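Chemist: Residue strings, one per chain:
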Amino acid sequence: MILKRLFPTRWAKILAWTGASLAWGTTLIAVASNAAATDAVEQQEAPVAIDPPTTTTIATTTTTTPMPDMPERGLVVVRYTPVPPPPPQVVTRTVVVAGSSGGGGSSSTAAAAPAPAVAAPVKSSGS
Amino acid sequence: MMRIVFPAMGTTVDVTADSDRGIAATRQLFENVEASCSRFLPESELTRINDDPRIRVTLSPRMASVLHAADHARSITDGIVDAGIGSGVLVWGYDRTFAAVADRDEGALPERLPAPQWSIDGSVLTRSADTRIDLGGIAKGWTCDVAVEQGFAAVVSAGGDVRSSDAETTVEVVDPWGAAATTIHLGVGALATSSVSRRRWRVGAQEANHLIDPRTMSPTSSPVLSATAITTTAVEAEAAAKAILLRGADGLAWADRQSWISAALVVWDDGNVYGTTGLELAA
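Chains A and B, in that order, give the protein sequences. Taking my numbering, the leading residue of the first sequence gets 1, the next gets one more, and so forth. Taking my numbering, the leading residue of the second sequence gets 1001, the next gets one more, and so forth.
Covered stretches of chain B (chain A as the covering partner; in silico rule of three or more C-beta atoms under 8 Å from a C-beta of chain A):
hint, stretch
1, 1157-1164
2, 1172-1185
3, 1253-1261
Calculated directly from the structure, the hints in this document are not laboratory data. None of these values were measured; they are calculated from a predicted model. For each residue, glycine too, the CB sits at the ideal point set by N, CA and C.
Sequences and hints are given; from them, build the entire structure.
Modeler: Structure (structure tokens):
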């Protein structure tokens, strides 16, 4: 009697049962997802066992550093050489000057070289 | 404009001026500064200061001015560019002009020296007993600055240090392989390049160079073969370039954080060339 009063037609009954089923399904899915997410967080937060180092390694500046540390305002690659160039032109002196007192530095009285004929840019190569 | 090249201070000086008088005044200035600031000349004021056993010595006005510039360089580089590393340069074998420096085959490396300690107040220099002053790069930069600031020359370049009052000045940065790394539009300002690939020698099994790190008092070991910096004065450019080189991998990032450095460039040991974003490259 009550059911007939609540669902006077067949279609009303079908609609009511469908709605109830959907609500149940949604609730079940939500609960399952929440449980999975909690498991994932717990897994992430679990401490990772790290074996203590057996040897001490001291970081040193070597010539194998791949590139400069990145400046805050960015890095400009002015020249890229995919193939490393030959060793730089290292000026190595091997001449021993017997009894040298230092040579007195380079002579400032040597004749001046003429200026380049073309207005070439000033060069800066370091000393 | 006239341009002339002459040797001084163990390097080549390139001067552009608008008169013979300016050229002559610049040349005279370099000769005078070399005569007082060279550590290779036995009669120079610097040699006398370094050989003086007193803790406090009074300096000539010129020497005081150069040492104040060195003090400024030390201050702006957080102490990494220090003119007090003279003892380190000596014990590592750079005790004569580079033309006479020789490889040393004996195995023992020099003992580690104490860190340099010195200060200047007016014209009085105070230093620890084992601190010797080396003004090499700073004296060059200071002379370039004075020549341009006094109006003797428009552009002066000495051993990698350039000071310019000419808005059109461009500078070709030469890499350690002798090729142009890049060309920079400098204009009015200063630029300096510091390199460890040119002046090298061997001490026992270890390779030495002229750039002594005051933190270790021994030659630097860095992936940077040469560093170039652009600033307002040649003294600051010289200090910046040396600091970048001594700092190694962190050098360029450090330069980027300094408001007094407009731009910087490094030649890496693999031949690549990197710069900060402030670089104004000429086409």
